[in-house]
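Q: If you want the building blocks of each chain, they are given just below.
Number of protein chains: 2
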Amino acid sequence: MKVVELSGGVGGARLARGLAALDRVDLTVVVNVGDDAENHGLHISPDLDTVAYTLARMEGPLGWGRADDTFHFNEELARFGLDNRFQLGDRDLALKMFRTRRMAEGASLSEVTGEVARAFGLETSLLPATNDRVRTRVEIEEGWVSFQEYFVDRRHQDSVIGLEYQGADIAAPAPGVLEAIEDADIVLIGPSNPPLSIQPIVAIEEIRTALTEHPKVLAVSPLVGGKALKGPADRVMASLGYPPGTRGVVSAYRGMVDLLIVDTRDAGDIGEIDGVMVETADTLMPDEEASIRLAKELMGR
Amino acid sequence: MKVVELSGGVGGARLARGLAALDRVDLTVVVNVGDDAENHGLHISPDLDTVAYTLARMEGPLGWGRADDTFHFNEELARFGLDNRFQLGDRDLALKMFRTRRMAEGASLSEVTGEVARAFGLETSLLPATNDRVRTRVEIEEGWVSFQEYFVDRRHQDSVIGLEYQGADIAAPAPGVLEAIEDADIVLIGPSNPPLSIQPIVAIEEIRTALTEHPKVLAVSPLVGGKALKGPADRVMASLGYPPGTRGVVSAYRGMVDLLIVDTRDAGDIGEIDGVMVETADTLMPDEEASIRLAKELMGR
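Same order as they appear, the protein sequences are chains A and B. So the first sequence is residues 1 to 301, counted in the working numbering. So the second sequence is residues 302 to 602, counted in the working numbering.
Please note that a few of the clues may not be correct.
[To be verified] On the chain B side, residues computed to face chain A include the following (Cβ under 8 Å):
no., residue
1, E339
2, H341
3, F374
4, L378
5, D391
6, A395
7, M404
8, A405
9, A408
10, A420
[Said to hold, decoys possible] According to the in silico footprint, chain A covers these stretches of chain B (three or more CB under 8 Å from chain A):
no., segment
11, 380-386
12, 553-564
[What the hints assert, rightly or not] For each label pair, taking beta carbons as the anchor points, the in silico distance ranges come out as:
no., chain 1, residue 1, chain 2, residue 2, range
13, B, G542, A, P61, 57 to 65 Å
14, A, E141, B, A420, 32 to 40 Å
15, B, G463, A, R79, 22 to 30 Å
16, A, R154, B, A368, 30 to 38 Å
17, A, P61, B, D484, 50 to 58 Å
18, A, L62, B, A539, 54 to 62 Å
19, A, R133, B, G477, 38 to 46 Å
20, A, E141, B, P476, 40 to 48 Å
21, A, A107, B, A368, 46 to 54 Å
22, A, E142, B, T510, 53 to 61 Å
23, B, R602, A, E105, 50 to 58 Å
24, B, E376, A, E75, 51 to 59 Å
25, A, R79, B, R386, 25 to 33 Å
The hints are simulated quantities; they were obtained by calculation from the structure and are not laboratory data. This one's a predicted model, so the numbers in the text were calculated from it and none came from an experiment. Note that beta-carbon positions come from the ideal geometry of N, C-alpha and C, so glycine has one too.
One chain only, chain A, in its complex shape:
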């Protein structure tokens, strides 16, 4: 069974791990690159790395970064007056350095991502949404800032007034992305932040069109009891004017998805909303077992 998942960071990565564990699933994960940034000259792809580490069972204790990592390099940066608010682990840094060097040699982001997946022994096909530069920009009261400034430096405390996905209008899907979607028996949108993690992917016109035309697209809501499990999804959607709860997620995905899975704690929202069917499942994935359970459940819908 060919499955494509569109994914942001931690939530999408956990679902990917569940899907990857299913024998009959041939999985391709298409990952958001809108959060990518250059820190200290290094090409940082936070979501790609979170998905790769999670699939390799090497993710950090909070879901991002590397397991068993130290932050000595990062601590030491302060001595030289360098910005170290982005937590760059010592082991994690090797991956960032590898990517940066390979890209400096002319490799594309998708080529390097494939090399990383092979280095980690992954069987899942891991693809960036695009090899072109797409950068999520966030409008807050003080003006437009980078995603990293909003999310890391300012700890996503600001009210988000607007979003743009700089470069998405001229970006092409990475090689293999459209083919994977077209060939897929089912396309999943992981339980990621709709405006911050999924929109930067589907802001690429050809990807959005491929989803619109696909017969079976199923999204998992990132909300549990109407609130984001982690991160600012509910607050961002509210300040951007989306309806609260499930209706907001439906509103973000309308026209692209056929079925939306919400958590059992949001069971009051089932049925058809604005032309999208809404069903429930237990969407919490505290461990790999839960990820596998949810993945199986989704394959049965």
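Given chain A's structure and the hints, the job is docking chain B onto it.
A: Coordinates of chain B only, in the frame set by chain A:
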């Protein structure tokens, strides 16, 4: 008292620490950059860093690198098939990254070195011999290799047939180097490897001339009982055809130095050799106290 020391890595750094501790000494250390290299896109200046760390009492347990460092980044490089034979510590990496970023912004090596010295709270003036590219190349049986390949990758086990200091012929002394030598009451050549650490400095014609013209240049032999304390100085000098022991050091420095200090274990060599006065002192510097003792001793000669 204005003092200039020409220095390679560990031995020269230990003498510098002793000199820096003397109240009446205004010290400038001019450091070899022939071992500099680019690893993973980072500008590595092994001797500059050893001297800076040693002056800041932050040097690693073997004299090079950082105290209390870990090597997680370096270990992890292997996962991606990257060369990790050069031991790059996690904390040490922050200094390398800082230098690399500042140089990418257009700062010269001497500017960055000054910034590092200030970040470390050093009062000593620390200068690279040159801001230009000088690279020591080593001829071994298999042909010419980089210093790093000879020293790190091949663990200085090869017989050295020839040496060249690529770029030294067109390199200019870094700003302040000639002025410091001209103004110095005494110029010291630290107990560093004559062909591998000191020659790449004095291969820059203007530095050699400044030394030749200086009235008081004193060198400390790196040999103890005719052998190098660490590193391959004695073997390299032998295979390059220098006379053994003190005579070899005299031969390397003839024309530039007025007085050579050899270790008390080489007391059989005192007197005048080929026009250079040879005297003895206890040149071992296992700790800071010993460094200060030797520094005081040298200031009295």
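Q: Which hint numbers does the structure go against, in order from smallest to largest?
A: Structure breaks hints 1, 7, 9, 12, 15, 21 and 24.
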